[in-house]
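With the hints as your guide, set chains B, C and D onto chain A.
4 protein chains.
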Amino acid sequence: MKHAVDANLARLLITCPDRPGIIAKVTTFLKDHGANITDLDQHSTDPENGTFFMRLEFQTPHLDMSNQNLEQAFATQVAEPFKMQWQIHYAAKLKKMAIFVSKYDHAFLEILWRQARNELPLIIPFIISNHPDLKKAAEHFGVPYHHIPVTQNTKKEAEAKMLALCENQVDGIILARYMQILSEDFVSRYPNKIINIHHSFLPAFVGANPYQQAYDKGVKLIGATAHYVTQDLDMGPIIAQDVIRVSHRHSADKLRELGQDVERTVLARAVRAHLEDRIIVDGTKTVVFEQH
Amino acid sequence: MKHAVDANLARLLITCPDRPGIIAKVTTFLKDHGANITDLDQHSTDPENGTFFMRLEFQTPHLDMSNQNLEQAFATQVAEPFKMQWQIHYAAKLKKMAIFVSKYDHAFLEILWRQARNELPLIIPFIISNHPDLKKAAEHFGVPYHHIPVTQNTKKEAEAKMLALCENQVDGIILARYMQILSEDFVSRYPNKIINIHHSFLPAFVGANPYQQAYDKGVKLIGATAHYVTQDLDMGPIIAQDVIRVSHRHSADKLRELGQDVERTVLARAVRAHLEDRIIVDGTKTVVFEQH
Amino acid sequence: MKHAVDANLARLLITCPDRPGIIAKVTTFLKDHGANITDLDQHSTDPENGTFFMRLEFQTPHLDMSNQNLEQAFATQVAEPFKMQWQIHYAAKLKKMAIFVSKYDHAFLEILWRQARNELPLIIPFIISNHPDLKKAAEHFGVPYHHIPVTQNTKKEAEAKMLALCENQVDGIILARYMQILSEDFVSRYPNKIINIHHSFLPAFVGANPYQQAYDKGVKLIGATAHYVTQDLDMGPIIAQDVIRVSHRHSADKLRELGQDVERTVLARAVRAHLEDRIIVDGTKTVVFEQH
Amino acid sequence: MKHAVDANLARLLITCPDRPGIIAKVTTFLKDHGANITDLDQHSTDPENGTFFMRLEFQTPHLDMSNQNLEQAFATQVAEPFKMQWQIHYAAKLKKMAIFVSKYDHAFLEILWRQARNELPLIIPFIISNHPDLKKAAEHFGVPYHHIPVTQNTKKEAEAKMLALCENQVDGIILARYMQILSEDFVSRYPNKIINIHHSFLPAFVGANPYQQAYDKGVKLIGATAHYVTQDLDMGPIIAQDVIRVSHRHSADKLRELGQDVERTVLARAVRAHLEDRIIVDGTKTVVFEQH
Chain A
1 MKHAVDANLA
11 RLLITCPDRP
21 GIIAKVTTFL
31 KDHGANITDL
41 DQHSTDPENG
51 TFFMRLEFQT
61 PHLDMSNQNL
71 EQAFATQVAE
81 PFKMQWQIHY
91 AAKLKKMAIF
101 VSKYDHAFLE
111 ILWRQARNEL
121 PLIIPFIISN
131 HPDLKKAAEH
141 FGVPYHHIPV
151 TQNTKKEAEA
161 KMLALCENQV
171 DGIILARYMQ
181 ILSEDFVSRY
191 PNKIINIHHS
201 FLPAFVGANP
211 YQQAYDKGVK
221 LIGATAHYVT
231 QDLDMGPIIA
241 QDVIRVSHRH
251 SADKLRELGQ
261 DVERTVLARA
271 VRAHLEDRII
281 VDGTKTVVFE
291 QH
Chain B
1 MKHAVDANLA
11 RLLITCPDRP
21 GIIAKVTTFL
31 KDHGANITDL
41 DQHSTDPENG
51 TFFMRLEFQT
61 PHLDMSNQNL
71 EQAFATQVAE
81 PFKMQWQIHY
91 AAKLKKMAIF
101 VSKYDHAFLE
111 ILWRQARNEL
121 PLIIPFIISN
131 HPDLKKAAEH
141 FGVPYHHIPV
151 TQNTKKEAEA
161 KMLALCENQV
171 DGIILARYMQ
181 ILSEDFVSRY
191 PNKIINIHHS
201 FLPAFVGANP
211 YQQAYDKGVK
221 LIGATAHYVT
231 QDLDMGPIIA
241 QDVIRVSHRH
251 SADKLRELGQ
261 DVERTVLARA
271 VRAHLEDRII
281 VDGTKTVVFE
291 QH
Chain C
1 MKHAVDANLA
11 RLLITCPDRP
21 GIIAKVTTFL
31 KDHGANITDL
41 DQHSTDPENG
51 TFFMRLEFQT
61 PHLDMSNQNL
71 EQAFATQVAE
81 PFKMQWQIHY
91 AAKLKKMAIF
101 VSKYDHAFLE
111 ILWRQARNEL
121 PLIIPFIISN
131 HPDLKKAAEH
141 FGVPYHHIPV
151 TQNTKKEAEA
161 KMLALCENQV
171 DGIILARYMQ
181 ILSEDFVSRY
191 PNKIINIHHS
201 FLPAFVGANP
211 YQQAYDKGVK
221 LIGATAHYVT
231 QDLDMGPIIA
241 QDVIRVSHRH
251 SADKLRELGQ
261 DVERTVLARA
271 VRAHLEDRII
281 VDGTKTVVFE
291 QH
Chain D
1 MKHAVDANLA
11 RLLITCPDRP
21 GIIAKVTTFL
31 KDHGANITDL
41 DQHSTDPENG
51 TFFMRLEFQT
61 PHLDMSNQNL
71 EQAFATQVAE
81 PFKMQWQIHY
91 AAKLKKMAIF
101 VSKYDHAFLE
111 ILWRQARNEL
121 PLIIPFIISN
131 HPDLKKAAEH
141 FGVPYHHIPV
151 TQNTKKEAEA
161 KMLALCENQV
171 DGIILARYMQ
181 ILSEDFVSRY
191 PNKIINIHHS
201 FLPAFVGANP
211 YQQAYDKGVK
221 LIGATAHYVT
231 QDLDMGPIIA
241 QDVIRVSHRH
251 SADKLRELGQ
261 DVERTVLARA
271 VRAHLEDRII
281 VDGTKTVVFE
291 QH
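Residue numbers (the UniProt record's numbering), protein chains in the order written: chain A, 1 to 292; chain B, 1 to 292; chain C, 1 to 292; chain D, 1 to 292.
One chain only, chain A, in its complex shape:
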């Protein structure tokens, strides 16, 4: 049940214009330097002139050079000729993500609980909330809790405090139902590193109290969407979605309760994909190389 970290595991993510020979070049390079590939997932958007995406896992123990040198060699010998955008991540280096939360505890506790059970390979350096309510819950898990109130007047100042806490301390942020909108400036510092969760409906509902609207409309499914946060208010690239079946027997309150169940499941799935370096952002959308 534990998510034991494989200390020898590295993950390579690549995006580039598709053309013949990319896989051969990458895998020959890795083989020549002693890397053993254990998983490779590749996708091209089109047989001709498409975009090439690849996620590749390899074992590092028999590398003939340091990780740093390997990355440098890869950059000049492989990545540049093919105009690649690429990243290498090492499973041994756990990602550090802060949790931002307001008052709803469902998504927040889901992440804390799964992290505590070693189901999410993650360090949570601290929690930031605009409310004091969940301080005790955070302490149960031994995670520092910073209460930073936000009002219209103090928003700038509050964000400065948050940034000061985050700087050099976190690789990303999980918005576990944080009910404040982050400024463009804040978001721009963590591109494709801030994960948000919100409810989703068929059809969509605009305005306040969407669960009441869903109830009034008699929807038969309610759902949730996890996505990366981008600068405009519109939803950023979608990472994961799911729905649950409901009926006329469910009150608006019960819809909200069921919606929260979906929200926490979908958020946990998105965070896991992020932590395992399964996601490549491609403009307004994502390629998610899921473990099926």
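Simulated from the structure, these hints should not be mistaken for lab results.
Wrong hints could be hidden among the right ones.
As the list claims (entries may be wrong) - Below are the DMTMM-like pairs computed for lysine to aspartate or glutamate, each with C-alpha atoms no more than 25 Å apart in a straight line:
(1) D:Lys193 <-> D:Glu119
(2) C:Lys31 <-> B:Asp18
(3) B:Lys96 <-> B:Asp18
(4) A:Lys93 <-> D:Asp46
(5) A:Lys83 <-> A:Asp277
(6) C:Lys254 <-> A:Asp282
(7) B:Lys217 <-> D:Asp46
(8) A:Lys83 <-> A:Asp261
Said to hold, decoys possible - So these bits of chain B aren't anywhere near chain C, every CB distance computed over 10 Å:
(9) Thr27
(10) Leu30
(11) Lys95
(12) Glu167
(13) Thr230
Yeah, the Cβ is synthetic: ideal placement off N, Cα and C, and Gly gets one too.
Quick look at chains B, C and D alone, frame taken from chain A:
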């Protein structure tokens, strides 16, 4: 596998203001007249001052009067005092529904096929289409096919033809991807009797080519919604919804193909609920007493 | 998100030979004594000579007599003439259930966590384990933890201790992966009150290490079954089941992890159905009146 | 909605002992001969000394030699040094599969219907049945129907007739609820080429009338398993599985009807995976590289 019709089965649907004693009154009335209740599903929206909904199945062989007299007695002795809206349907009297279709055959064939296999207790007197394409498919199933082209100029006339065909011949209509908007006048003649199916997305997409939009946005779920057609262009009361999981590997075309799979499943489920008298329309929404 | 207990809510469960007039009799009785029925779910196994099952929710504030007197009147006036087996439960009186656990914490923590969040209307007076490992976790939730080791020689004595703890203190027991077999004597004291969870496979595997067997066989689904514990070793009446999709990419260990996810979801669903008095045991099987 | 065959598409399946450099070797070989890889899915069972599985799609228009010469070069230069088991399939060459059926038509019609709608890239040269019942249905689809009765005494002779029909005419066989057991000899001629579908339950039921047993046991899920047929009576390597939720409201007959719905869905999914060369058999199990 066959959906044998139970010739002795009747179904009673009731909506009324909730107050104590409704179920006692209804069930005592039925018992006193020899009806044996075999299934009862009831729902109140609130413990106090809510709305009362009930679906009840009973057996008719030991009734002490004709169906017609029973209905009359029910109206005066039970329905009026409680201000009920109510209907009684007899399973032996199959509903007659026309299918309207354009060029897409997936939803159309699903209904024809299930009817042919006795999975849907339904008579299909004829098919109407604004295109000739599916004539041969209809003939395979032995169902008359009326090709009635529709242009902006001939719409009124075309609808008159359709109405003439439908009048006294059908109890309702299945829109199996019929790509014309029916006029208010047409719709008003079959209130809560016309079932439509369309694709649904999280989030919703407005405008042309929604599957391309869904692809561009990288959605992870695509779905379908079946609903009753109402006079305004907005979607009427939802009957059934479902979704299917998709990924970056699916092209816009493949999304369309998968979307059609969901559409036909959801349409068949909605039609079945309608045929089995499981649906009560409550303003803008439905109560669906599903067989779980 | 909270499962607020409705202090005025009572639930009536009935099993009896089917014949006309049962619902009329029950609902007239309740109405005459001031009970307002808010939900009724009824099922007969057959139109003729079947078995009748019913679950009914009613509001108690306007009863014209005490709960105790109502039950007495119901017994003589309704239940006896129709040869009913019946129970009335009051939502205000929370059920008290002990948790038995060994070393696996997934199902155990799921119940504790949901109870702590008021998602399960339940009192957990204490936990019993044959191992000391989960003591600290129990303390986090403020629930007493009794470590009672069990060996072949001490089993009888150990069970005597458990029974002494349970007597008059609990209404039932949740086996959250308790890896000891309870004796017939123990089980007989809590008929249809002990809920167990175990893994399930298609096909079923006998013997040790079923996840390894499932892996070796390349199954595409793994599942879990929650059931009431009966005296023979075979599985008792099934309450809830679910499965999850797996593939060749999942190691036997990963299958176990995913299996545990299903186990805790299914156990929670079964416990909730039990707490909400939704289950009638009918010989070797259950009727579960789910909230759809 | 149509499954247009990509005339330029080839698929390569490889199994071999894992060691560094396999992917580099294969992909360099293909690139050197003008093949453009558009999809690659790879799996190793273990980082050290595991088994290596790979499915790879490539485009053939720019190959620098004939398909046949490419295969020969691949065999000597790549496959032999790495001790590979391998196959190359060309999408343009549709597989020819016979359908064997008895009296149940659900799985049979599902395959015929999907093939007719170009959803399954497949040629069905003929149908063989031990009963005459489905002849007319087959004729609807324009597929020859051979009625070959089988009794205990005539089984050998009947199989000889079937083999004579199949020889050189089919690449494989779909058992769409064919209720006869094929002899070891017959099966041995189509290794991993005969696909069967049968019902599955949690727990499993042995003996006659499994749906009645499932009903008596009150199961909450019923399912289906599609698998390759092997020589012993036990189920061969599993290709696909699924389940559907049921309740006490479903009679044994209704369970059978729902079970047939799952059977036809699962069979179609397995056949599609087979036709798209997504399956590698690995001893008693399969690796299925699904299109997610």
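Results of checking the hints against the structure:
1. Among the hinted pairs, Lys193 of chain D with Glu119 of chain D is consistent with the structure: their alpha-carbon atoms are about 20 Å apart, no more than 25 Å.
2. Pair hint Lys31 of chain C plus Asp18 of chain B holds up; C-alpha atoms about 13 Å apart against a cutoff of 25 Å.
3. Taking the CA atoms of Lys96 of chain B and Asp18 of chain B, the gap is near 33 Å; set against the 25 Å cutoff, the hint is violated.
4. For the proposed pair Lys93 of chain A and Asp46 of chain D, the alpha carbon gap of about 22 Å is at most 25 Å, so the pair holds.
5. For the suggested pair Lys83 of chain A and Asp277 of chain A, the alpha carbons sit about 21 Å apart, so the restraint of at most 25 Å is met.
6. Between the alpha carbons of Lys254 of chain C and Asp282 of chain A the distance comes to roughly 30 Å, so the proposed pair goes past 25 Å and is violated.
7. For a cut-off of 25 Å, the pair hint linking Lys217 of chain B to Asp46 of chain D is broken: about 36 Å separates their Cα positions.
8. Among the hinted pairs, Lys83 of chain A with Asp261 of chain A is inconsistent with the structure: their alpha-carbon atoms are about 42 Å apart, more than 25 Å.
9. In this structure Thr27 of chain B is not separated from chain C by more than 10 Å, as the shortest Cβ-Cβ distance comes to only about 4 Å.
10. Its closest Cβ contact with chain C, about 7 Å, brings Leu30 of chain B to no more than 10 Å, contrary to its assignment away from the interface.
11. Remark: the non-interface label on Lys95 of chain B is consistent with the geometry, its nearest Cβ contact in chain C lying 22 Å away (cut-off 10 Å).
12. With a least CB separation of 37 Å from chain C, Glu167 of chain B remains clear of the 10 Å interface cut-off, as annotated.
13. Every CB of chain C is more than 10 Å from the CB of Thr230 of chain B (nearest about 25 Å), matching its label as outside the interface.
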